[in-house]
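**Q** The primary structure of each chain is shown beneath.
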Amino acid sequence: MTQSVVVQVGQCGNQIGCRFWDLALREHATVNKSGIYDEPLSSFFRNVDSRYDDPADIPVGSGKGKVRSLKARAVLVDMEEGVVSDIMKGPLKDVFDFRQLITDVSGSGNNWFVTAVYPSAEDDVITSPYNSVLAMRELTEKADCVLPIENQALVDIVNKIGQAVPSARTGKRVYSSVGGNVKAGSEITAGDGGLTKPSDEKPFDSMNNIVANLLLNMTSSARFEGSLNVDLNEITMNLVPFPKLHYLVSSQSPLYSLTDVNLPPRRLDQMFSDSFSKDHQLIKADPKHSLYLACALMVRGNVEISDIRRNIEKLKPNLKFIHWNQEGWKTGLCSVPPAHIHHYTDIDGMEVSNFTESLESLNSLIQEYSDLEKQMNNPPPAEPRLQVLS
Amino acid sequence: MMSVITIQVGQCGNQIGGQLFQTLIDDVNIKQSQTLVSPFKNEEYKEEVLNRFFTYDTTSSELPKARAVMVDMEPKVIAQTCANAQKSGKWLYPEKQQFCQQKGSGNNWAHGYCVHGPVAQENVMELVQREAEKCDNVSGFLSLLSLAGGTGSGVGAFISKCVRDEFPHAFILNQVVWPYHTGEVIVQNYNAVLTLSHLYRTADALVVMENDSLHKICSQLMNIKKISFKDINKVICHQLASFLQPAPLEKFPDFTIQNTLGEIMDHMVSHPDYKLLTVKNIPHMSEKSIEFSTFQWHGLLKHLRQMLIAGASMEEGIDWQIQVGTETPRGSTSHYRSLANLLILRGKEVNTADTSAFTDPNIYTPWMPTGGTLLQGRQPRSFYQYEKSAVLLSNSRSTIGPLNTMIGKAWNMFSSRAYVHQYTKHGLAEEDFVDSFVTLEQVISNYSKL
Chain R
1 MTQSVVVQVG QCGNQIGCRF WDLALREHAT VNKSGIYDEP LSSFFRNVDS
51 RYDDPADIPV GSGKGKVRSL KARAVLVDME EGVVSDIMKG PLKDVFDFRQ
101 LITDVSGSGN NWFVTAVYPS AEDDVITSPY NSVLAMRELT EKADCVLPIE
151 NQALVDIVNK IGQAVPSART GKRVYSSVGG NVKAGSEITA GDGGLTKPSD
201 EKPFDSMNNI VANLLLNMTS SARFEGSLNV DLNEITMNLV PFPKLHYLVS
251 SQSPLYSLTD VNLPPRRLDQ MFSDSFSKDH QLIKADPKHS LYLACALMVR
301 GNVEISDIRR NIEKLKPNLK FIHWNQEGWK TGLCSVPPAH IHHYTDIDGM
351 EVSNFTESLE SLNSLIQEYS DLEKQMNNPP PAEPRLQVLS
Chain F
1 MMSVITIQVG QCGNQIGGQL FQTLIDDVNI KQSQTLVSPF KNEEYKEEVL
51 NRFFTYDTTS SELPKARAVM VDMEPKVIAQ TCANAQKSGK WLYPEKQQFC
101 QQKGSGNNWA HGYCVHGPVA QENVMELVQR EAEKCDNVSG FLSLLSLAGG
151 TGSGVGAFIS KCVRDEFPHA FILNQVVWPY HTGEVIVQNY NAVLTLSHLY
201 RTADALVVME NDSLHKICSQ LMNIKKISFK DINKVICHQL ASFLQPAPLE
251 KFPDFTIQNT LGEIMDHMVS HPDYKLLTVK NIPHMSEKSI EFSTFQWHGL
301 LKHLRQMLIA GASMEEGIDW QIQVGTETPR GSTSHYRSLA NLLILRGKEV
351 NTADTSAFTD PNIYTPWMPT GGTLLQGRQP RSFYQYEKSA VLLSNSRSTI
401 GPLNTMIGKA WNMFSSRAYV HQYTKHGLAE EDFVDSFVTL EQVISNYSKL
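Chains R and F, in that order, give the protein sequences.
This note's numbering puts the first residue of the first sequence at 1, with every later residue one more than the last.
This note's numbering puts the first residue of the second sequence at 1, with every later residue one more than the last.
Rather than coming from a laboratory, the hints here were simulated on the basis of the structure.
One or more hints might be untrue.
Claimed, not checked - Computed spacing ranges between beta-carbons, pair by pair:
#1 Asn-123/F / Arg-99/R: 33 to 41 Å
#2 Asn-223/F / Asn-318/R: 37 to 45 Å
#3 Pro-243/R / Thr-359/F: 35 to 43 Å
#4 Asn-318/R / Thr-439/F: 32 to 40 Å
#5 Lys-134/F / Asp-269/R: 44 to 52 Å
What the hints assert, rightly or not - Keeping only pairs whose Cα atoms sit at most 16 Å apart, straight-line, the calculated EDC-like set for lysine to aspartate or glutamate is:
#6 Lys-409/F / Asp-97/R
#7 Lys-230/F / Glu-225/R
#8 Lys-134/F / Asp-165/F
#9 Lys-216/F / Glu-313/R
#10 Lys-226/F / Asp-269/R
#11 Lys-87/F / Glu-126/F
#12 Lys-348/F / Asp-319/F
#13 Lys-103/F / Glu-39/R
#14 Lys-225/F / Glu-304/R
#15 Lys-316/R / Asp-269/R
#16 Lys-90/F / Asp-57/F
#17 Lys-90/F / Glu-126/F
#18 Lys-302/F / Asp-254/F
#19 Lys-409/F / Glu-39/R
#20 Lys-71/R / Asp-97/R
#21 Lys-230/F / Glu-327/R
#22 Lys-425/F / Asp-144/R
#23 Lys-216/F / Asp-254/F
#24 Lys-226/F / Asp-286/R
#25 Lys-161/F / Glu-126/F
#26 Lys-320/R / Asp-269/R
What the hints assert, rightly or not - Chain R is faced by these chain F residues, among others (derived, beta-carbon under 8 Å):
#27 Cys-82
#28 Asn-84
#29 Gln-86
#30 Gln-102
#31 Gly-104
#32 Ile-227
#33 Thr-359
#34 Met-406
#35 Asn-412
#36 Thr-424
#37 His-426
#38 Ser-445
No residue lacks a Cβ here, since even glycine has one placed at the ideal position from N, Cα and C.
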């Protein structure tokens, strides 16, 4: 299992980070009911015997040991103590070791995969455009891969879900455009089932849950089994054709799941198609009118390779790929579905196998590099193949 | 007893390996009535299979243990594969014959070959040596890997070289899986070019299996609606087992030998420039249909021969227009010529089946001596539940179509130098890429002349 360390920086980073850890615990609890400290858990958590002052890490070993106390493989960084100390007073306090907190920044890079949140137009921080540009430069130089996320896109998604999901308070039934009732708590903005109680939820939590779910889904194949595993290194490898061009556009589908369990293949295909729609992207971009350098599709749940192949065939004609990467698809299959969908399978006696899938697509889509875009309609002539002496 | 040691590398290699041993055991365990031979003959067959592919103590009640070494750069797949074997209750993987790391190769051939390979070398070769010591005679090595990823391709190529260095006289057969051409991994064409060029220098032969063809077999012949990698792997293993399972080969008239890996390689790869092999099986059916189908050898062999000369991978959609005897103005034929073929018939009435169509000199390249073109085997004991089945292992010009397409795409990408920085940061130079391209262009040039 590739083990990862999550570094959460600043107020936003730490808030998203906390949603991530909350949801990760929920996901693992759903899958791992026996409380054994197994390989999937060890990818993001250490197992610690906290009876001692200097607690030792208990390795996975034979894979039969029980969980004692889980500690997140995380480093929490902030210039001021406020946010971090709030975390250490909240429901996640036992998940972090006080030695993982830093309020002084230094250190060199290893393999850096960065999720960066970009401000929306109505941001209340006046200097945010300057901060963003400065940060971008560092990210371009130092990070191996960056996943920009736009608050505006998150806001729009939250609103879209809000229109489709029944409100618990009014008791109204809302029908989604795809037909059928939406299952309460299944939306990717919901934090149900985690450590945080609904009463403790903060204003940005819905938006942060989207990002946390993205991270969970992207790392699912590194944590759980599947017939075609994909880890973060593979994502970086396949989606970064040139060193500086390492900004990815991400999207997820579904945004919520339906109560109707008998999902025909049409519904699954709709999910693939939705993930290329501009309404599902986590930055305000339109994939269908841009030039693709590369694309990764990571699927979780009851999906097989033929489902992916069928959808790639369908989607390909509508997307423009750069001439040297006409079949630029990276695919991943993880057999464990996302927890917030799994969570509800026991109600109404539904079977796990009928349940659904969540899908992500990551697009490596660079607008600023116009010389690549210029090749969209005028690819340069192909370089002739090597001739060998016969 | 000539044993085969299987080396499974990466996710694909390990998943296939697990299925291969299962297929071999399932074949051995069919009902006596389905075997079509006497119990005594069936026991002989079973013993031969177990000796070739498993370590098996007849005196103890222990389950047979696969003669296998498992290698991967992350632990999940090996763990799953071993667990599946255990669940079957019929065989196991030997303990401590697995090498694992925690890092993954990131789909990066250079990371696999230049970084992980050397680190893994000592440990893996120790496991291989240990497995070899359990055998009375090592017939050869079967290595399983995919071309698209980072571990199977990179680490697999490196280990192949190590095995060649340490066992200079052993036969090495690499089974390589060609990814879907519409992409499973974006850098798959680079990884494939690098792997194939390196394996070509160290292996005796490469058996090529393409996911696209296997997928069609699953959908059109076996009617599987939601095709999974497990389905595809079952077809792969069915094809491998059909020429690896014991069969007496007619080396000379009235002189038969066992189809050991060495004998097979000797015949198929008599010329060092021609190492690419393909497998054609007939018939392929869903499990439910097997019981209710009967075939005649005449029909089966007619289809198989046409599959060979038309370059078809399965018995449906064959181009019957292509015939022997038509030549283009430049002197090449419209049909695919072979260097060598291995034809094995299994099951009912094998001894009376007429295989003369496969000895027709027109389907072979003119400069091969007649005695060296076709090697036949007839095994009366049926394969799995098929009353009659045939396999054709071929060394022919048909492989270069997909190879040519793949090189074209890789070269196109290389011209823009896309992704090359990911490889050079792990120790591969641009000249190494060019060297690999040159090697493979030479292979294509050689095969085009057949």
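**Q** Holds or violated: Lys-134/F with Asp-165/F, Cα cutoff 16 Å?
**A** Judged against 16 Å, a Cα distance of about 20 Å means the pair is violated.
**Q** Is the interface hint satisfied for Gln-86/F? The criterion is a beta-carbon contact with chain R at less than 8 Å.
**A** 14 Å, violated
**Q** What's the verdict on Lys-409/F and Glu-39/R, does the C-alpha distance respect the 16 Å limit or exceed it?
**A** With a Cα-Cα distance of about 38 Å, the restraint between Lys-409/F and Glu-39/R is violated, given a limit of 16 Å.
**Q** Given the hinted pair Lys-409/F and Asp-97/R, is their Cα-Cα distance within 16 Å?
**A** Answer violated: Lys-409/F to Asp-97/R is near 50 Å, above 16 Å.
**Q** When you check the alpha-carbon spacing of Lys-90/F and Glu-126/F, does it fall within 16 Å?
**A** Distance of about 27 Å is beyond 16 Å: violated.
**Q** For the pair we were handed, Lys-71/R and Asp-97/R, check the Cα-Cα distance against 16 Å.
**A** 7 Å, holds
**Q** Restraint: Thr-424/F near chain R, CB-CB cut 8 Å. Satisfied or not?
**A** This interface hint is violated because 11 Å lies over the 8 Å limit.
**Q** Does Asp-269/R lie within 16 Å of Lys-316/R when you go C-alpha to C-alpha?
**A** 13 Å, holds
**Q** Given the hinted pair Lys-103/F and Glu-39/R, is their Cα-Cα distance within 16 Å?
**A** Roughly 13 Å separates the two Cα atoms, so the pair holds.
**Q** With chain R as the partner, please determine if Ser-445/F meets the hint condition of a C-beta pair closer than 8 Å.
**A** Holds: closest Cβ of chain R sits about 5 Å from Ser-445/F, inside 8 Å.
**Q** Please verify whether Lys-226/F and Asp-269/R have alpha carbons no more than 16 Å apart.
**A** 13 Å, holds
**Q** So the hint says 37 to 45 Å: do the beta-carbon atoms of Asn-223/F and Asn-318/R match that?
**A** 30 Å, violated
In summary, the structure is inconsistent with hints 2, 3, 6, 8, 11, 12, 17, 18, 19, 21, 23, 24, 26, 27, 28, 29, 33, 34, 36 and 37 from the numbered list given earlier, while agreeing with the others.
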